[in-house]
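Engineer: Produce the complete structure using the sequences and hints provided.
Position 371 of the sequence shown, counting from 1, maps to 370 under numbering that gives the first Met the number 0, and the rest follow consecutively.
What the hints contain is simulated information worked out from the structure, not anything from laboratory work. One or more of the hints may lead you astray.
Unchecked claim - With a cut-off of at most 25 Å between alpha-carbon atoms, the simulated SDA-like pairs for lysine to any residue come out as follows:
1) Lys-374 x Arg-461
2) Lys-30 x Val-14
3) Lys-374 x Ser-164
4) Lys-315 x Met-376
5) Lys-107 x Ala-370
6) Lys-107 x Val-117
7) Lys-422 x Lys-315
8) Lys-107 x Val-14
9) Lys-203 x Cys-177
10) Lys-374 x Leu-494
11) Lys-203 x Ile-295
12) Lys-107 x Val-475
13) Lys-107 x Lys-162
14) Lys-374 x Gly-110
15) Lys-173 x Asp-163
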Amino acid sequence: MIVGLLCRSDVLLFVVVSLPFVCSALIMALKRLSHSQEVLSTVASLVLFPTTCALYFALQGNQAILQYRLSSAILFILEPEALGIVFGILVSFLWAVTNIYTIGYMNKVYGQLQDRSVFYSCFAASIGCTMGIAFAGNLVTLFIFYEMLTVCTYPLIIHGGSKDSIASGSFYIKMLLCSSVFLFLPAIAIICGMSDGAGLFSAKSFISETHPSLLPFIVTMLCYGVAKAAIMPVHLWLPRAMVAPTPVSALLHAVAVVKSGVFTLIKITVCAIGVHGMYNYYNAPVAVDIAPHHNIMLYLSVVTIIVGSVFAVTQKNLKRLLAYSTVSQLSYITLALSMFTDGAVTAAVFQMVCHAFAKITLFFAVGAVYAASGKTMIRDIDGLGRVMPITFTAFCIGALAMIGIPPAATFWGKFYIITEALKQQNYIVIFTVALSTVLNTLYFVPLMYRVFFAADATCKGRVKEAPPLILLAMLVSSTCTILLFLKPDIVLGMLSVLG
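Structural biologist: Dropping the structure here:
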């Protein structure tokens, strides 16, 4: 009976969304027990991934819906579909990997005696919010979890307690909340008010087909209102948040925050606005109304990719370099999405998954360098690759992924983006990808050279590889980057099976 209950898709859906929150509450309740936070977060993260995979298999040919009416006008609903399943599996897997890394890193850098119950509790709650975003069945539910994620990640950014941490955390929460309240929420209100489906993703009521003249305004409001997607100029919170511990940076850049931002844009575009209607609107030979038919998402993505790459070239601090790299690379996803075809959506989702594994590998490696040597500046890493070969081999795999060349899976992501652009004769996309690839090469190749071939760093004799848990997490994430290059159908197959 219990086994049969656990095989039901609605039960599995409840478990995958609620489990991280239960873990978060238990961590705070049992914080007086030694190592309880590490044990609870490890168990929860290792259970969440297979449970999410089980939900994927249970949904084949079936549906799962959980709903609760908060008021006569507000419906809280969870309803998984193809995009959410892919994102949910990605997040649940990376939580397990990041948790392993976090235990090794925090014990090495901060010591084992420090009480980190708030840190682990907020980390787990952040994952729960992200799973809620993945499986949200309407715009209201998506917005609730999106805002909860902002609040849950704030204590993680200020964890260090320094003046810089407090200032960065304050800037982070002000920028994200203000953009949401003044742009994202009004955009949701317009979509819900103008569409027949009242914001339900399963209603198949697309505002691009019923009210196309609103598209330029709604898209602009979403691009700037969903500040977690880090489209310029609402990207400013991201480099400033680098004062947080490296596991938090990994959470921000690869697991939850920025991925929730681009996923939100993908989900709303596909399930509420309608890509086919947007394609027809932006490719209409003759204007059918007085509104300008400018592809705002395309233009903003191009600017963010190029300017972000230029900023990355000028950085001297490793984490800030990766931060601007993230700003640039995220907009590859929105660049693909801005072509508004089924193939473009597939390319965007695939690029999102591949970037997550590659970028988390890079942050793991940079954190390993800090844990082993205390170094954070580019000028201090000369020759460290010869004493930390595992760390910097993983770093090089992540760097190759940012450039987009084999054996990294992002090669296929760029390939799919360019292929779709060629079909549409969209030379702006092709030029942007080509130019940004050159810029990515300019700041990653010198790094790869200097860690292995430059003169020895002054601290070389005192440095050795990072602790085993840190190395294990790096090996897993870098291996997945190569695995997705060899087997891209792992992601593409899930999208095709669930439609």
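Engineer: None of the hints should be skipped; say for each whether it holds.
Structural biologist: Hint check results:
1. Lys-374 x Arg-461: 12 Å, holds
2. Lys-30 x Val-14: 23 Å, holds
3. Lys-374 x Ser-164: 19 Å, holds
4. Lys-315 x Met-376: Distance ~6 Å between Lys-315 and Met-376 Cα, so the pair holds.
5. Lys-107 x Ala-370: Within the cut-off at roughly 7 Å; holds.
6. Lys-107 x Val-117: 18 Å, holds
7. Lys-422 x Lys-315: At roughly 40 Å apart (the allowed maximum being 25 Å), Lys-315 and Lys-422 break the hint.
8. Lys-107 x Val-14: Measuring from Cα to Cα gives roughly 33 Å; hence the hint is violated.
9. Lys-203 x Cys-177: 30 Å, violated
10. Lys-374 x Leu-494: 41 Å, violated
11. Lys-203 x Ile-295: It holds: about 24 Å lies between the C-alpha atoms, which stays within 25 Å.
12. Lys-107 x Val-475: 20 Å, holds
13. Lys-107 x Lys-162: Holds: Lys-107 and Lys-162 sit about 23 Å apart, inside 25 Å.
14. Lys-374 x Gly-110: Satisfied, since the Cα-Cα distance of roughly 18 Å is no more than 25 Å.
15. Lys-173 x Asp-163: Given pair Lys-173, Asp-163 holds - Cα atoms ~15 Å apart, limit 25 Å.
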